[in-house]
Amino acid sequence: MKFSNTLINWYLQNKRELPWRKTKNPYFIWLSEIMLQQTRVAQGLSYYLKFTEAFPTVFDLAKADESTVLKMWQGLGYYSRARNLHFTAKHIANDLNGEFPSTYKNIIKLKGIGDYTASAIASFAFNKPNAVVDGNVYRVLSRYFGIETAINSSTGIKEFKTLAQSLIDKKQPANYNQAIMEFGAIQCKPQKPLCIFCPLSDSCVALQKNVVEKLPIKEKKLKVRNRYFNFLVIKTDDNKTILLKRKGKGIWQGLYQFPLIESKKNINKNELITTEEFNNLFPHEITISLFNKKEIVHKLSHQHLHTQFWIVETKKLPQAEINWNKVEKYPVPILIANFLETYQAKK
DNA sequence: AAACCGGGGTA
DNA sequence: TACCCAGGTTT
Numbered sequence: 000m001k002f003s004n005t006l007i008n009w010y011l012q013n014k015r016e017l018p019w020r021k022t023k024n025p026y027f028i029w030l031s032e033i034m035l036q037q038t039r040v041a042q043g044l045s046y047y048l049k050f051t052e053a054f055p056t057v058f059d060l061a062k063a064d065e066s067t068v069l070k071m072w073q074g075l076g077y078y079s080r081a082r083n084l085h086f087t088a089k090h091i092a093n094d095l096n097g098e099f100p101s102t103y104k105n106i107i108k109l110k111g112i113g114d115y116t117a118s119a120i121a122s123f124a125f126n127k128p129n130a131v132v133d134g135n136v137y138r139v140l141s142r143y144f145g146i147e148t149a150i151n152s153s154t155g156i157k158e159f160k161t162l163a164q165s166l167i168d169k170k171q172p173a174n175y176n177q178a179i180m181e182f183g184a185i186q187c188k189p190q191k192p193l194c195i196f197c198p199l200s201d202s203c204v205a206l207q208k209n210v211v212e213k214l215p216i217k218e219k220k221l222k223v224r225n226r227y228f229n230f231l232v233i234k235t236d237d238n239k240t241i242l243l244k245r246k247g248k249g250i251w252q253g254l255y256q257f258p259l260i261e262s263k264k265n266i267n268k269n270e271l272i273t274t275e276e277f278n279n280l281f282p283h284e285i286t287i288s289l290f291n292k293k294e295i296v297h298k299l300s301h302q303h304l305h306t307q308f309w310i311v312e313t314k315k316l317p318q319a320e321i322n323w324n325k326v327e328k329y330p331v332p333i334l335i336a337n338f339l340e341t342y343q344a345k346k
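In terms of numbering that gives the first Met the number 0, the first sequence has 190 at position 191, counting the first letter as 1, and numbering is strictly consecutive.
It cannot be assumed that every hint is accurate.
DEER-style ranges, computed between Cβ atoms [stated by the list, open to error]:
#	residue 1	residue 2	range
1	Glu276	Lys208	49 to 57 Å
2	Ser165	Asn8	13 to 21 Å
3	Asp114	Lys1	20 to 28 Å
4	Asn83	Asn8	34 to 42 Å
5	Asp94	Ser165	53 to 61 Å
6	Lys246	Gln42	42 to 50 Å
7	Gln73	Lys217	24 to 32 Å
8	Ser66	Lys1	48 to 56 Å
9	Ile310	Glu261	16 to 24 Å
10	Pro317	Leu289	22 to 30 Å
11	Leu289	Val210	27 to 35 Å
These aren't lab readings, by the way, just hints derived from the structure by calculation.
Since the model is a prediction, treat every value here as computed from it, not as a measurement.
Idealized CB from N, CA, C, for every residue including glycine.
Generate the whole structure from the sequences, applying the supplied hints.
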């Protein structure tokens, strides 16, 4: 059977009875869609009942004070939804004569309505063949077709939208959209999906490849932390230096490095020599110069290390116990090794 | 492209 | 704790 027919049949037998599924009133449908953005049905339901009772028409909502609307929204989260809802209610009541736009193109112009919500309203209220793509649709399609494109990449967004649009049942777009989302919410769940008695199990690519739990794929947007490292490359007049072993849990555990002064940003020589750490190391006279005129940015998966190597020349230091011809014996981060290579070459 | 916006449920 | 939820707007 066709993908869409299977889903619609499943939907007609398994759907939950929800108040916004019993109406074609675009105002009610809009209200429910805004409330259900990033929100579970169980959480939004009581708010929907409260709002439709207090504001039975878009004019009632438009007449209310914004603070009243926000107060009623309290606890539902994402409060810009409530502000946009009220703004759009006033727009529809005052500028559009209370008539809700009936096409995707016009619906999406409304504040607080994006691609998903415009498609949902166009199909549910006006029976237009605009396919919805929400979190459920991403999950169902990526699994059934075995699509590994990241759903939060720009190419993934286009790919899934195009696919969803190609699959919609144009004779009953509302039922199809409802069906695929309900199927994703109840059957093809994020965790522990019910594959054992799934009506699509025979042709589900992810099930056959045993990758159901891995889909959909989402790009990890790991936040990169910028750190600013100042390494003090010490050279005593008896040709010794200092290497310190990194302890603790952070990066480079157990490896050796030159004494490090971390700063909030790249600093110049004056700023460096006035740091407390620097003065603790060098009580007496030294000469100091920046080795790399341009900062070296060492990129780790989750950190960008903006690095400056400072050459510090001084007379004999009791802490400086490592002879420069032994430095290469120590395990060091590649960042330090690369520095040593260019530094030694210049000598 | 990425940050931001929230409260709540689930494993 | 980490992930996800009938996403959209702003930068």
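Verification of the supplied hints:
1. Glu276 x Lys208: 49 to 57 Å: holds, 54 Å
2. Ser165 x Asn8: 13 to 21 Å: Given a distance of about 20 Å, which is inside 13 to 21 Å, the answer is holds.
3. Asp114 x Lys1: 20 to 28 Å: holds, 25 Å
4. Asn83 x Asn8: 34 to 42 Å: holds, 36 Å
5. Asp94 x Ser165: 53 to 61 Å: At 36 Å between Cβs, range violated.
6. Lys246 x Gln42: 42 to 50 Å: With a Cβ separation near 46 Å, Lys246 and Gln42 satisfy 42 to 50 Å, so the hint holds.
7. Gln73 x Lys217: 24 to 32 Å: holds, 31 Å
8. Ser66 x Lys1: 48 to 56 Å: With Cβ atoms ~50 Å apart, the hint holds.
9. Ile310 x Glu261: 16 to 24 Å: Holds, at about 19 Å.
10. Pro317 x Leu289: 22 to 30 Å: Given a distance of about 26 Å, which is inside 22 to 30 Å, the answer is holds.
11. Leu289 x Val210: 27 to 35 Å: Taking Cβ atoms as reference, Leu289 and Val210 lie about 51 Å apart, which means the hint is violated.
The structure shown violates the earlier hints numbered 5, 11.
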